[in-house]
Amino acid sequence: MASITIRDVKKSYAKSQVVHGVDLDIASGEFVVILGPSGCGKSTLLRMIAGLEDISGGTIAIDGTVVNKLEPRERGCAMVFQNYALYPHMSVAQNIGYSLKVAGVPAAERTQRIQAVARTLELEHLLDRKPMALSGGQRQRVAMGRAMIREPKVFLFDEPLSNLDAKLRVQMRSEIRKLHRRLNATSVFVTHDQVEAMTLADRLVVMNGGRVEQVGTPGEVYSRPASRFVATFVGAPAMNMLEGTVELDGLSLLGGSRRLAVQRAGLAVGTQVAVGIRPEAVRLVAPGTAGALDATVDLVEELGAGRVVYVDLDGASFSVMTSEAVHPEPGSTVGLRFSPDDLHFFSSETRTRLEVFKASVPEPAL
Amino acid sequence: MEKRVTFSSWTIGILFAVPQLLLIFTFFYWPAGQAVYWSLTLQQPWGGGNIWVGLDNFRSILSNADYWNSITASLVFAGISTGLAMFIALVLAALTDRQLAGSRFYRVVLIWPYGIAAPALAMAFRFILAPEAGFMAVVNQVWPGFWDPGLDGADAMASIIIAFSWKYVGYNFIFFLAAFQAIPRSLIEAAAMDGSGVMRRFRDIQFPLITPTIFFLLVINITESFQDSFGIVDIMTSGGPANATNLMVYKIYSDGFKGLDYSGAAAQSIILMLLIIVLTIFQFRFIERRVHYR
Chain G
1 MASITIRDVK KSYAKSQVVH GVDLDIASGE FVVILGPSGC GKSTLLRMIA GLEDISGGTI
61 AIDGTVVNKL EPRERGCAMV FQNYALYPHM SVAQNIGYSL KVAGVPAAER TQRIQAVART
121 LELEHLLDRK PMALSGGQRQ RVAMGRAMIR EPKVFLFDEP LSNLDAKLRV QMRSEIRKLH
181 RRLNATSVFV THDQVEAMTL ADRLVVMNGG RVEQVGTPGE VYSRPASRFV ATFVGAPAMN
241 MLEGTVELDG LSLLGGSRRL AVQRAGLAVG TQVAVGIRPE AVRLVAPGTA GALDATVDLV
301 EELGAGRVVY VDLDGASFSV MTSEAVHPEP GSTVGLRFSP DDLHFFSSET RTRLEVFKAS
361 VPEPAL
Chain C
1 MEKRVTFSSW TIGILFAVPQ LLLIFTFFYW PAGQAVYWSL TLQQPWGGGN IWVGLDNFRS
61 ILSNADYWNS ITASLVFAGI STGLAMFIAL VLAALTDRQL AGSRFYRVVL IWPYGIAAPA
121 LAMAFRFILA PEAGFMAVVN QVWPGFWDPG LDGADAMASI IIAFSWKYVG YNFIFFLAAF
181 QAIPRSLIEA AAMDGSGVMR RFRDIQFPLI TPTIFFLLVI NITESFQDSF GIVDIMTSGG
241 PANATNLMVY KIYSDGFKGL DYSGAAAQSI ILMLLIIVLT IFQFRFIERR VHYR
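Just so you know, the protein sequences line up as chains G and C, in that order.
Using the UniProt record's numbering, the letters of the first sequence correspond one by one to residues 1 to 366.
Using the UniProt record's numbering, the letters of the second sequence correspond one by one to residues 1 to 294.
What the hints contain is simulated information worked out from the structure, not anything from laboratory work.
Among the clues, some could well be false.
[As the list claims (entries may be wrong)] Among chain C residues calculated to face chain G with C-beta under 10 Å, some are: (1) G49; (2) A120; (3) M123; (4) P184; (5) R185; (6) E189; (7) A192; (8) D194; (9) D204; (10) P208; (11) L209; (12) T211; (13) T213.
Bear in mind that the values here come from a model prediction, so they are computed numbers and not experimental data.
Even glycine gets a Cβ: it sits at the ideal position worked out from N, Cα and C.
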């Protein structure tokens, strides 16, 4: 078990900088998930912790020791790769035990420890097989076993579930979570899948364009996104965003066709903002209901447990998630109603969260 | 559903194969059959047909000490030049794979020797390795009499081995580099995370994974060292001194076209062909077992 301290870490290749000064503290035993779209630098950051990538600037310390110049094997990290990276010419037992063999652990002890790990992961009957003869889920388990057997201080996961089918992914997700609860080793998990991130993380790190956008528990990130990027990236379907302008007595939305009566709280008239509302925070009501916005239904997606209703709000696309037994017809008009407490405000200029507004119920324009 | 193009009738398939079959027949089976025929007959010096002699040609060749000397020389040449060409290429490819900057340049430069005709490169090495001028003259200046391929059989053998290896290092390098680069980067990284150092990774991961390539090159190099050595021997040593470099393929030529013993030469070429076949079968039987195919 070990803490990881990342201070102003940068990474640049010949022409471009891909990680711009990341600061992050990971406590001992914590399960941290780094979430971001592809190319946001999350894997690079993980590989810098592992020692597979040089650090261009800043420091990474594991348990208080700066590891910038240490070889991967001297850092005490184990890593699970996206494509599993199993040695194709070795059996499952040899794959799992390779690190012990390199470390010079005697054969008898090695066998014993391989057996113990195989038992945990239910791989005992596969120990003599070659990776080629395994299914995706089994390969994934072998890769986990290879990481576990070293009893590392830190577990690093580089999108380990993205090559699995949807059902296996859910299953492996809970297995990883259980495993972490039992081993309680510091874990850093990189993914672009927000459901994976939300379900696994003690703490979530959302990255975009080589910068950390927000660090917080999954609940915090969901309910109080720190930036417009986080707001639209976390949550599915994505948060609805409506452009607006600060006016004397409130906000004008969608080029003036709708209005929100809110307190300006010091913002200058004319400031551009974005108003966000999660699809699951919107309720469908009868058209013309007081305090509701009327919109035209475009498309209804049936999810079984609920429906996503895509509506057209004066030319802007808007989605509503409902679990009620309503089945609006495409082309019909519905009313959208939401609580002012569920609104999020972001500055159009800095794209960061604004806490200054207190919204009231929207009213249709006259 | 069958996605390949298939032909409904046999004749169309055969027609497509005919040009290739013709080539193989004209340039392999026919001459090989002729050689078998000649090897079992004696060609009369002034024409007038062949006299059937059965296996007499083989008996006379195999009871000749010169011929056994030629076989030994060929095996020594094949063993050392294959080992040298493959080892040097393997080291170069491993180093190139680790540091990829400029590898494209190496690749081009190292394939050139393979494109040079054997006699041309033999000519170049004849100058380079000449005892009285060039590089080896400097060595002879320090240790008088150290190097003289014109007099010392071992020096002559070393010369043709160097020339041949130089040509095949490039060829082998290309294949080795491709094999190294086909190993997923993450495997090497996983091994690094498992605590394996550079040399250990090479031994445990990279080397086993390129064994198919090593095996392929072994077969090719040994076969070629029996056949492609002719031009080098002819230009550099002409089989001398005292038959020290009279490799089987060269002896076929000199006995047949200089000694005008067509029948004996034909018998020798049959033996050479059998030797290569036996060696290849041996390699497939006993070495291929240790190859890891993915």
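Hint check:
For C:G49, the interface hint is violated, the least distance from its beta-carbon to any beta-carbon of chain G being 60 Å, above 10 Å. The interface hint given for C:A120 is violated, since its Cβ lies 41 Å from the closest Cβ of chain G, which is over the 10 Å cut-off. Taking 10 Å as the C-beta cut-off, the interface hint given for C:M123 is violated, the closest approach to chain G being about 44 Å. Because the closest C-beta pair between C:P184 and chain G is about 7 Å apart, less than 10 Å, the hint holds.
The beta carbon of C:R185 comes within 9 Å of a beta carbon in chain G, closer than 10 Å, and the hint placing it at the interface holds. Residue-level restraint check for C:E189 holds (minimum Cβ-Cβ distance to chain G is 5 Å; threshold 10 Å). At about 5 Å, the closest approach between the beta carbon of C:A192 and any beta carbon in chain G falls short of 10 Å, and the interface hint on this residue holds. Proximity of C:D194 to chain G holds as hinted, the smallest CB-CB distance being about 4 Å (cut-off 10 Å).
With a least beta-carbon distance of about 7 Å to chain G, the hint placing C:D204 at the interface is held under the 10 Å criterion. Given hint, C:P208 at the interface with chain G, holds; its Cβ is 5 Å from that chain's nearest Cβ, closer than 10 Å. Evaluation of the C:L209 hint against chain G yields a held restraint, the C-beta minimum of about 6 Å falling below 10 Å. With its C-beta approaching chain G no nearer than about 8 Å, C:T211 sits inside the 10 Å limit, and its interface hint holds.
The interface hint given for C:T213 is violated, since its Cβ lies 14 Å from the closest Cβ of chain G, which is over the 10 Å cut-off.
Hint compliance for this structure: hints 1, 2, 3, 13 are broken, all remaining hints hold.
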